[in-house]
Each structure stands twice: as C-alpha cells, then as structure tokens.
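Chains as they are written, first to last, in my numbering: chain A, 1 to 415; chain B, 416 to 593; chain C, 594 to 810.
It is possible that some hints are incorrect.
[Claimed, not checked] What the simulated footprint calls covered on chain A by chain B, stretch by stretch (three residues with Cβ under 8 Å from a Cβ of chain B suffice, anywhere in the stretch; the number is not a length):
hint	stretch
1	84-93
2	161-174
3	217-227
4	277-289
5	328-339
6	395-407
Bear in mind the hints are in silico, worked out from the structure with no lab data behind them.
We put the CB at the ideal spot given by N, CA and C, even for glycine.
Chain residues, written in single-letter form:
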Amino acid sequence: MSDLVQKNRVAPNNQRGPAARRADFDDLHTEPMHIQMGPSHPAMHGTVKIELDLEGEEVIDADVQIGYLHRGFEKECETGFLYQNIPYTDRLNYSSPVLNNVGYCLAVEKLFGITTPPRCQFIRVIGGELSRMADHMLALGASAMELAAFTPMLYLLEARELLLDQIDAICGARVTTNFTRIGGTLDLPEGFAAFAVERLDRALRLTADADKLLTDNPIFRERMQGTGRMAGKDLLAWGVTGPVLRAGGVPYDVRRATPYLIYGDLDFDIPIGEHGDNFDRYLVRMEEIRQSCRIVKQCLERLPDGPVNSDDRRVKWPPKRKVFGQMEELIDQFKLVLEGGYPPAGEVYHAVEGANGEVGFYIVSDGSGRAWKMRCRSPSFSNMSPLKHMLIGGQLADVVPTFGMMNMIGGECDR
Amino acid sequence: MAIGVVTVKRPPERWSSSQPYFAILKGLGVSIRHFLHNLLLFARGQQDFTVHFPEQRLVQPPAMRGMPVLVQMDNGKERCVACGMCEWACPTNCISIFPAETNDEVERYPEVFDIDMSRCMFCGFCEEACPEEAIVMSRQIEIASYSRRGSLWHKQDLLVPVAELKTRLDHLRRQYEH
Amino acid sequence: MSTEAPPSDAEKPQLSPLMVKVNARLAPLILEHREFRGDDRIHVARENILAVAGVLRDDPELAFDLLLDVTAIDYYGQPDDFELRREVWDRDHVTMRRLPRRRNLMALPEKGPHPRFAVVYHLISTSHLHRLRIKCRVPEDDPRIASLTPVWPGANWLERETWDLYGIRFEGHPDLRRIYLYDEFEGHPLRKDYGKLDEQPIQAYVGPGAKEPRRPE
Numbered sequence: 001m002s003d004l005v006q007k008n009r010v011a012p013n014n015q016r017g018p019a020a021r022r023a024d025f026d027d028l029h030t031e032p033m034h035i036q037m038g039p040s041h042p043a044m045h046g047t048v049k050i051e052l053d054l055e056g057e058e059v060i061d062a063d064v065q066i067g068y069l070h071r072g073f074e075k076e077c078e079t080g081f082l083y084q085n086i087p088y089t090d091r092l093n094y095s096s097p098v099l100n101n102v103g104y105c106l107a108v109e110k111l112f113g114i115t116t117p118p119r120c121q122f123i124r125v126i127g128g129e130l131s132r133m134a135d136h137m138l139a140l141g142a143s144a145m146e147l148a149a150f151t152p153m154l155y156l157l158e159a160r161e162l163l164l165d166q167i168d169a170i171c172g173a174r175v176t177t178n179f180t181r182i183g184g185t186l187d188l189p190e191g192f193a194a195f196a197v198e199r200l201d202r203a204l205r206l207t208a209d210a211d212k213l214l215t216d217n218p219i220f221r222e223r224m225q226g227t228g229r230m231a232g233k234d235l236l237a238w239g240v241t242g243p244v245l246r247a248g249g250v251p252y253d254v255r256r257a258t259p260y261l262i263y264g265d266l267d268f269d270i271p272i273g274e275h276g277d278n279f280d281r282y283l284v285r286m287e288e289i290r291q292s293c294r295i296v297k298q299c300l301e302r303l304p305d306g307p308v309n310s311d312d313r314r315v316k317w318p319p320k321r322k323v324f325g326q327m328e329e330l331i332d333q334f335k336l337v338l339e340g341g342y343p344p345a346g347e348v349y350h351a352v353e354g355a356n357g358e359v360g361f362y363i364v365s366d367g368s369g370r371a372w373k374m375r376c377r378s379p380s381f382s383n384m385s386p387l388k389h390m391l392i393g394g395q396l397a398d399v400v401p402t403f404g405m406m407n408m409i410g411g412e413c414d415r
Numbered sequence: 416m417a418i419g420v421v422t423v424k425r426p427p428e429r430w431s432s433s434q435p436y437f438a439i440l441k442g443l444g445v446s447i448r449h450f451l452h453n454l455l456l457f458a459r460g461q462q463d464f465t466v467h468f469p470e471q472r473l474v475q476p477p478a479m480r481g482m483p484v485l486v487q488m489d490n491g492k493e494r495c496v497a498c499g500m501c502e503w504a505c506p507t508n509c510i511s512i513f514p515a516e517t518n519d520e521v522e523r524y525p526e527v528f529d530i531d532m533s534r535c536m537f538c539g540f541c542e543e544a545c546p547e548e549a550i551v552m553s554r555q556i557e558i559a560s561y562s563r564r565g566s567l568w569h570k571q572d573l574l575v576p577v578a579e580l581k582t583r584l585d586h587l588r589r590q591y592e593h
Numbered sequence: 594m595s596t597e598a599p600p601s602d603a604e605k606p607q608l609s610p611l612m613v614k615v616n617a618r619l620a621p622l623i624l625e626h627r628e629f630r631g632d633d634r635i636h637v638a639r640e641n642i643l644a645v646a647g648v649l650r651d652d653p654e655l656a657f658d659l660l661l662d663v664t665a666i667d668y669y670g671q672p673d674d675f676e677l678r679r680e681v682w683d684r685d686h687v688t689m690r691r692l693p694r695r696r697n698l699m700a701l702p703e704k705g706p707h708p709r710f711a712v713v714y715h716l717i718s719t720s721h722l723h724r725l726r727i728k729c730r731v732p733e734d735d736p737r738i739a740s741l742t743p744v745w746p747g748a749n750w751l752e753r754e755t756w757d758l759y760g761i762r763f764e765g766h767p768d769l770r771r772i773y774l775y776d777e778f779e780g781h782p783l784r785k786d787y788g789k790l791d792e793q794p795i796q797a798y799v800g801p802g803a804k805e806p807r808r809p810e
C-alpha cells in the first residue's frame with residue numbers, strides 16, 4: 001500500500017497523460033472519481049461545466065464544456081443593419097461593454113474607410129479604459145471572494161460602481177451602454193473632467209485597500225502562487241491573449257502591437273509577469289488598473305474640443321435640428337435608418353485590446369446595409385481552450401483560482 | 416510619450432508575510448478604518464456610498480435611458496405621425512405601429528402604438544431615429560408586471576405630457592446638435 | 594452608395610513588405626492575394642493548408658506564432674469575394690427595399706455553382722507584429738479540410754466551433770464534437786439556408802428521473 005502511495009505522490013503532474021494516470025488505478029481496484037463542476041456552481045462565475053476526473057484531490061482529467069449562454073450573436077448580426085448591432089455587442093463581455101462597442105465601431109469604420117475626429121477618439125479611449133478597470137475589478141473581486149476573501153470584493157465592487165457612474169454620466173446606462181455610433185460617439189457631459197477625477201481617485205484608494213488585503217496575504221498567496229501555471233510559449237500556441245498571456249511573460253498587447261485610436265500618443269506601461277501562474281495574472285490585472293487610470297487622466301487633460309462625429313454622409317445621421325426643419329436632411333435620415341448605409345463590398349478584421357485579450361471583429365460585407373458575415377473573435381473563448389491543461393495535475397482546490405483568473409465571461413465565450 | 420513594458424514585482428517573502436496573524440491584524444485594520452469612516456458619516460447624517468432605495472433615489476444624469484414614451488402635446492394629442500422609423504430602427508422589433516388619417520392639421524397619427532417592454536433593450540435608437548421628437552427615453556424604470564400581457568404598453572399608457580420630459584428633450588437637442 | 598471603385602489590375606498597389614516575404618516562401622502554393630484596407634489575405638487550396646501553415650509558423654522571417662481565429666463563411670455558391678462583383682449586388686439594393694418588413698424573412702440570392710464555403714484563418718506574429726488572413730474555399734458536397742491542431746493547438750476549440758456552426762469537418766482533429774449546441778441538434782445554424790426562426794425538434798429527456806414512456810392505451 002505504501003508503494004502505491006509513494007507512486008502516486010511522485011506523479012510528475014503535467015508530464016503524464018490521463019491514460020497513464022488511469023493505469024495507476026489497476027492496482028487499486030477502484031476508478032477515478034468523476035465530478036461535475038457546474039453549470040451552476042457557486043465558484044463558477046459564468047455558466048460553464050467542467051467535468052473532472054479526480055484521484056483523491058488531484059485532477060487527472062478535465063473536460064470544459066461551454067455553450068450554456070449561446071444566443072446566436074453572429075446569426076442575429078447578419079440579419080440586422082450594421083448600426084443595429086452596436087447594442088448587441090454590449091452583451092458580449094458584459095463587464096466591459098464599452099470596449100466591445102469601440103471594437104465593433106472601429107471595424108465598421110475600417111470597412112467604410114472613415115477616420116473619426118480626435119475628440120471622438122479621446123472619448124472612446126476614456127470610456128474603454130474605464131470599462132477595462134471595471135472589468136479587472138470585477139475579475140479580481142470575484143476570484144478573491146471565491147477564495148473566501150469577502151471584504152476585498154466589497155471594496156472592489158464599490159470602486160467599480162464609482163467607475164460605472166462615469167460611464168452612466170456619458171451614455172445613460174451602466175452596463176447596456178450603447179456607447180459609440182458608427183463614425184462617432186456620445187459626447188461628454190459638462191463638468192465631466194472634475195467629476196471623473198474625483199471618482200477615479202476614490203476608486204484607486206479603494207483598490208489600494210483591496211491590494212493591501214490581498215497581495216501580501218499568506219493564504220491568498222498560497223492559493224495563487226504556482227497554480228494554473230503555463231509557460232508563455234504554450235500560451236501563445238493555444239491562442240491565449242490578454243492579461244493571462246502577459247502574465248506568462250509575452251508583452252503582446254494590441255494597444256502596443258498595432259496601435260489604434262490615440263494609444264500611440266499616450267504614455268503608459270504594459271505589465272508583464274515572469275512565472276505565468278495565477279498570482280502573476282492577479283498582479284498584472286492589478287497593475288493594469290493603475291495604468292488605465294493613468295491613461296484616463298492623460299486623456300482628460302489633453303481632451304481637445306471639436307465635433308465628436310465624423311461628417312461622412314454615408315454613416316452619420318444628420319443633426320436633429322436639421323431633420324426637423326429641412327427636407328434633404330429628413331430624406332437622409334430616412335435613408336440611413338431604413339437602409340443602414342452602404343459600405344463598400346469587402347472584408348475587414350479589426351482588433352482592439354479587450355479586458356481579457358484581443359477582441360476582433362471580422363466583417364464580410366457584400367455592399368448592402370447588412371453584413372454578409374459577422375464574426376467576433378472573443379478572447380474568453382480562446383483563453384478557455386487550454387484551461388484543461390492548466391487544471392490537470394493540480395488539486396481540486398486549484399480549479400477555483402485558475403478559473404477565476406481566466407475570467408471567463410459567458411456572454412463573450414458563448415456568444 | 417511611449418508605451419513601455421514593465422515587469423510586475425511580487426512582494427518579497429518576508430517572515431511577517433508567512434504569518435497569518437499579521438495578515439489578520441492588517442485586514443482588521445483596513446476594515447475598522449472603513450467602519451469608523453462610515454460610522455462617522457452616518458452620525459453626521461451624510462452617507463458615503465449606500466443609497467437606501469426606494470426611500471432615497473439616485474440623482475440620474477440627463478443622459479439616462481429609461482423606458483421609451485410618447486410625447487403628448489399640449490392639446491392632448493401625441494406628436495407622433497406614425498412614419499414607422501422607430502419600428503425599423505428597433506433592433507428587437509418591439510414596436511408596432513398602425514397608422515391612420517384624420518382631418519387635423521397633422522393628417523397622420525398612430526391608431527395603434529404598442530411597445531412590448533419585455534423585448535425592449537433600452538438602446539435608444541427609436542428616439543435617435545425619430546424625425547419628430549415624438550418618442551423619447553424617459554426616466555421611468557419601474558415597469559415590471561405580473562404577466563406578459565402587462566408588459567405590452569399601449570398608446571394611452573405611453574403618452575407623457577411634454578412638460579415632464581423637458582430635461583430629456585434639452586439633453587437630446589444638445590447631444591444630437593452636430 | 595460608395596464612390597470607391599473596385600481595384601483593377603492596372604492600379605493595383607504595391608505589395609506590402611509582409612506579402613513580399615510570404616511570396617518569396619510560398620509563391621507556388623498561393624492561388625491569389627488580395628488586399629483591402631491594409632488587410633493582407635492569401636487564398637490557398639485546401640489540400641495545401643497544412644503545408645502553408647507549417648511554413649508560416651516556422652519561418653523566422655514570418656513567425657506567425659499566434660492563431661487568432663478560425664471561422665468559415667457561407668458564400669452560398671457565389672463566385673468569390675464580393676468586391677469583384679459590385680454591379681450584381683447593387684441590383685440587390687434595389688430589391689432589398691421591397692423586402693418584407695420583418696428582417697428575418699430576408700430573401701437569399703440564388704445559389705450558384707461555386708464552392709460554397711470558405712474557411713478563414715487569422716494569424717498574427719507577436720515578434721514581427723504583422724497580420725495575415727488565409728482563405729480556403731471548401732465545396733458543399735465534401736466539406737472537409739485538414740485540421741491545424743498539429744501546428745497550433747489553439748485551433749482545437751475554434752475548429753470545433755466551425756464544425757458546430759457551419760458543418761465543416763476538420764480531418765485529423767483529435768476531438769471533433771459540437772461545442773455550443775447539443776449533440777442532437779439538426780443542421781448547422783450559421784449556414785445561410787438555416788433560417789433565423791427555424792425550430793428544432795424537442796428532445797426527450799433521458800437521464801436520472803426521466804419518466805417511463807407512456808404506453809399507448
């Protein structure tokens with residue numbers, strides 16, 4: 001018996017495949033325990049099922065099953081006008097909806113060949129970075145709560161509320177933002193800069209409190225350090241992007257690789273990790289919150305005046321005042337609403353850095369107001385695919401922090 | 416002005432960071448500071464964060480998008496001319512309009528104007544598409560009902576006098592000026 | 594309606610530096626190269642996709658180490674990319690205005706004789722920071738293509754998704770199951786002939802607690 005125990009102890013975790021691990025059970029007259037985590041499990045934020053094969057506490061096989069939130073986003077987008085799809089993109093990653101709005105509108109503008117005015121680009125960056133901070137706060141707070149640290153979640157959610165207040169002031173909704181328009185965006189309200197800076201400072205103070213509670217906490221570190229580890233080379237091969245990839249030491253960030261909007265002119269840092277484990281993912285996210293705050297403050301300082309909409313008549317709905325009074329603008333308005341504006345036929349792919357990685361929209365247009373094919377490259381989907389290999393060899397208890405740090409968002413993963 | 420790369424640093428493994436008791440004391444310190452802060456504000460009658468709904472309400476920004484309603488003019492009639500633009504622009508097809516004609520100054524009006532609030536997703540495209548400023552997003556958010564039929568709002572339920580919508584109309588004129 | 598003319602052969606722009614490199618390595622395998630709004634894409638015969646992918650990943654000058662996306666397009670038998678046949682589609686604009694109001698009853702164009710599907714791959718190199726798109730046409734009666742899982746393991750789930758939604762089989766895939774939908778689902782929902790409002794038969798529940806089938810009386 002002690003031999004067996006010995007044999008199982010020395011099991012080099014990731015090196016041996018499930019089949020070899022199963023063979024160990026031949027002597028034991030038993031079989032691995034098969035448990036189902038999810039689809040509605042308290043530690044699974046997001047509706048996903050993980051079928052685990054356990055030997056004692058050790059995971060020897062895992063099967064991640066998604067699709068519980070599949071709503072046919074792409075099918076729906078193929079039947080609607082291009083402008084009608086903007087609110088649907090809110091529902092992809094619902095903890096950072098503005099980033100999806102911006103990504104989608106940039107893709108459509110690339111198809112049309114439109115450049116938006118500078119003020120619009122600044123506002124998009126402000127909204128996007130606020131959204132990114134909010135997303136990271138939710139990710140960190142939720143995974144801390146799953147590791148039984150309840151207080152940091154309250155502070156982080158309070159900080160998140162302060163950020164959502166700013167988004168609310170711009171677009172009138174906290175989650176279902178509908179922030180951008182094709183070729184433009186909603187304008188900032190009066191006195192936004194002072195309001196935003198005050199809220200940002202409060203949010204940062206709360207984040208620092210959560211940081212104080214978590215980062216140096218021995219229990220938290222023991223659960224996070226060394227679990228869910230994957231090297232940067234493997235992460236790349238599996239198509240992982242975002243904070244998870246950067247924690248593995250690969251400085252790939254779309255904002256830096258192929259800068260869009262005004263990111264090339266801004267001054268900020270891309271945090272990367274060294275070890276590629278959950279604790280690095282946590283630290284990278286924490287640092288990104290601070291960097292995003294830097295970006296928002298820079299943008300607020302340098303925000304130019306001017307129009308927020310491009311004056312391209314193919315996409316821009318005419319000003320309301322003229323619609324009420326003038327015939328040509330009224331006709332324009334009718335044509336744009338009823339036919340959706342005609343892009344040139346062609347296909348584009350445009351990627352932005354979402355909160356979890358590269359959010360790309362691939363639009364194939366046949367020259368009509370509706371997209372022939374509309375595809376969202378969602379980071380959560382690609383990030384979830386190697387999850388199995390991060391779990392195998394670890395303990396059952398490591399599933400929770402690893403899954404929490406992957407930060408799967410069901411709406412984006414299942415679309 | 417450049418995008419740099421920075422490596423995150425782990426806090427060093429000190430002796431104190433391996434002791435759970437220190438972490439507990441530190442955590443208690445942070446929590447007690449928050450507690451005293453909130454208690455002080457409560458004693459002063461100010462509140463820092465929590466809003467006790469429904470006795471207290473948040474001050475909503477003018478941009479807020481609540482339920483879409485129809486603008487009722489001073490003569491009691493709706494401003495809508497049943498052109499059907501909102502019906503087209505609506506991504507979820509939640510509006511249905513049947514137009515009719517009268518002998519008034521404005522010859523068209525919607526005989527039926529229904530919004531299925533169980534489908535509406537508050538995107539605000541109806542108000543943006545409207546060429547008459549006749550449908551706007553109000554601040555009404557309490558629209559739950561006990562049955563599906565209850566979430567179908569008819570024209571008479573949707574009419575709101577223009578005076579009550581002044582904030583939103585002002586905001587709209589500012590927002591869509593350019 | 595757009596004022597931009599489709600690119601003709603005479604005024605074709607210069608090749609991008611990336612395409613010069615790709616052409617130097619892969620010229621015999623590339624059927625066609627197109628460029629639109631700065632996005633380079635190459636068309637490859639489906640038999641060659643594995644060889645092309647291997648070169649793109651391993652060549653140090655190209656080094657496409659990150660497979661971003663695998664998806665498919667249902668062209669419904671149209672010849673090829675839409676930008677070359679604008680006039681036909683302009684005619685559709687006229688008919689579109691007379692279409693019924695409900696968007697989900699949109700009419701489809703007539704199915705043509707050409708290969709129906711195209712499988713699309715998006716690649717990026719994290720060292721050289723260039724992007725490339727690969728397209729392979731796949732016919733309807735034999736919707737198969739080689740799996741790229743040996744080259745990029747990340748293709749695993751993306752190909753499962755493409756199989757689920759478009760019904761294209763990836764040969765050599767280790768685990769080609771449906772990923773979003775249940776196994777009993779009939780058809781592949783992102784194909785153009787699957788209507789948005791099409792319904793599926795209700796599946797009887799089998800499993801613990803299922804009732805005995807009722808006997809005929």
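Consistency of the hints with the structure:
1. Coverage of the stretch 84-93 of chain A by chain B holds in this model, with 5 residues showing a Cβ closer than 8 Å to a Cβ of that chain against a need of three.
2. Check result for the stretch 161-174 of chain A against chain B: holds, 7 residues qualifying (beta carbon to beta carbon below 8 Å, three or more required).
3. Coverage of a stretch by a chain is defined here by at least three residues with a beta carbon nearer than 8 Å to that chain's beta carbons; for the stretch 217-227 of chain A and chain B the count is 4, and the condition holds.
4. Residue count for the stretch 277-289 of chain A with a Cβ under 8 Å from a Cβ of chain B: 6. That meets the three needed, and the coverage hint holds.
5. Using a Cβ-Cβ cut-off of 8 Å, 5 residues of the stretch 328-339 of chain A lie near chain B, which meets the minimum of three, so the contact claim holds.
6. Given as covered by chain B, the stretch 395-407 of chain A fails the check, having 0 residues with a CB less than 8 Å from a CB of that chain where 3 are the minimum.
Taken one by one, the earlier hints fail for this structure only at number 6.
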